[in-house]
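Please put together the full structure from these sequences, using the hints given.
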Amino acid sequence: MPGSSEAGTRRTEDRREEGPAFVLSRGVVVLFAVACGAAVANVYFSQPLLVTMGHDLAMSPALIGSVVTLTHVGYGLGLFFLVPLGDVADRRRLVVAQLLLLVVALTVVATAPTAAVLLAGMAATGLLAVVTQTLVAFAASLAPPAGRGRVVGLVTSGVVIGILLARTASGVLADLAGWRSVYLASASLTALLALVLYRVLPSHREAPPATLRYGQLLRSTVTLFAREPLLRLRALFCLLVFAAFSTLWSSVALPLSEAPYFLPHSAIGALGLVGVAGALAATVAGRLNDRGLSRRTTGIALALLTASWLPLAFTRHSLWALFVGVIVLDLAVQAVHVTNQTLIYALHPDAGSRLIGGYMVFYSIGSATGAIAATSLYTAAGWGAVCVLGAGFSGLGLVLWASTRDSTPDPGPGITGSA
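For the sequence shown, my numbering gives the first residue as 464, with consecutive numbering after it.
Hints in this document: simulated from the structure, not taken from any laboratory. Treat the hints with caution; some may be incorrect.
[As the list claims (entries may be wrong)] Here are the in silico distance ranges between beta carbons for each label pair:
#1 ASP638 <-> VAL862: 16 to 26 Å
#2 ALA722 <-> ASP638: 19 to 29 Å
#3 ALA730 <-> ALA640: 13 to 23 Å
#4 ALA733 <-> GLY490: 24 to 34 Å
The C-beta atom is built at its ideal place from N, Cα and C for all residues, glycine as well.
Given below as structure tokens:
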């Protein structure tokens, strides 16, 4: 918590040094990435299943749309109300408890007899899927400062791969065994991950330098934004890049399902496999941050993000242009996202969960803004207008970077203190 005494911080560090240090091996980092991807995928599984769900439970078109809305509303609430608990609770126990509750929510969805039960289960699934961000903050806290960017990059790659492949996986499983099998399979995987993480992850039993009540914890999240200009700036970058990301991924199925392609849903869902190539490059951004090149990495990534909309504009004429645009866009978005999380965590490592949870609220706002604007604009003006919108979000991020780069110099290699 900002404002905690240096003596308190030293006492906490001394307590950590007394016991055996936990070694964050590459295998454990990969486990973090897999767990993050599996958890966040639950937010996106429903998107290709909406029609089937609606027919099965006799839902009206308006009610079907609320499935996605309630899931995202739950996720946004979880970011603010659940993720900050990682700063005052044993993170291992918190992660395992959230995963086990997520198993219950997924089981409710899979066995829902009515639309009302389904909607309640989806809202709970979104609320508990924020365990993803608790895991990101946990991994960052275990990483050595000089390698924190690399660790955050690897874990974030897992998050993005989970988002990109969720639609593909749910479509395949639904074709094989029905839409309910998607959530039963996810519940089984989540339960397995809870067991593995409980056995592998360390338990942080030391008390934080300042014990906060729950209300104080939530208020301090707002206070962090008021006190830290870098946090506010990086949150704005987050909003803009994920608005661009959502502009593409919420609307790209529309031109692909029309002339001249008429692609089936399974083929459109497979486009996420192309995006994975860009997501994997997020680890490079993490290494650049560890070398103290965060400002330059952000500028180059935002320039690439803006440029990606040029090949994307030719989607109706060339699938290869679409593939190039998708790879470049995903690479750029994840480079900015990894840089953002690495920098903001370094501001106050003792408040890492609050920092990342508050920051991710802007991810939700940007994603919702891009999705609503893109789908509405496509209906009114077509794919070209959608590309202009995405380029606008991207270009605005680049302008923001250019206008603030002199006031936000790069931290040195191995970010250890206030960024």
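Each hint tested on the structure:
About 44 Å separates the C-beta atoms of ASP638 and VAL862, a value inconsistent with the hinted range of 16 to 26 Å. For the pair ALA722 and ASP638, the supplied restraint of 19 to 29 Å holds, since their beta-carbon distance comes to about 25 Å. At about 20 Å, the beta-carbon gap between ALA730 and ALA640 stays in the expected band of 13 to 23 Å. Range check, ALA733 to GLY490: about 29 Å between beta-carbon atoms, so the 24 to 34 Å window is met.
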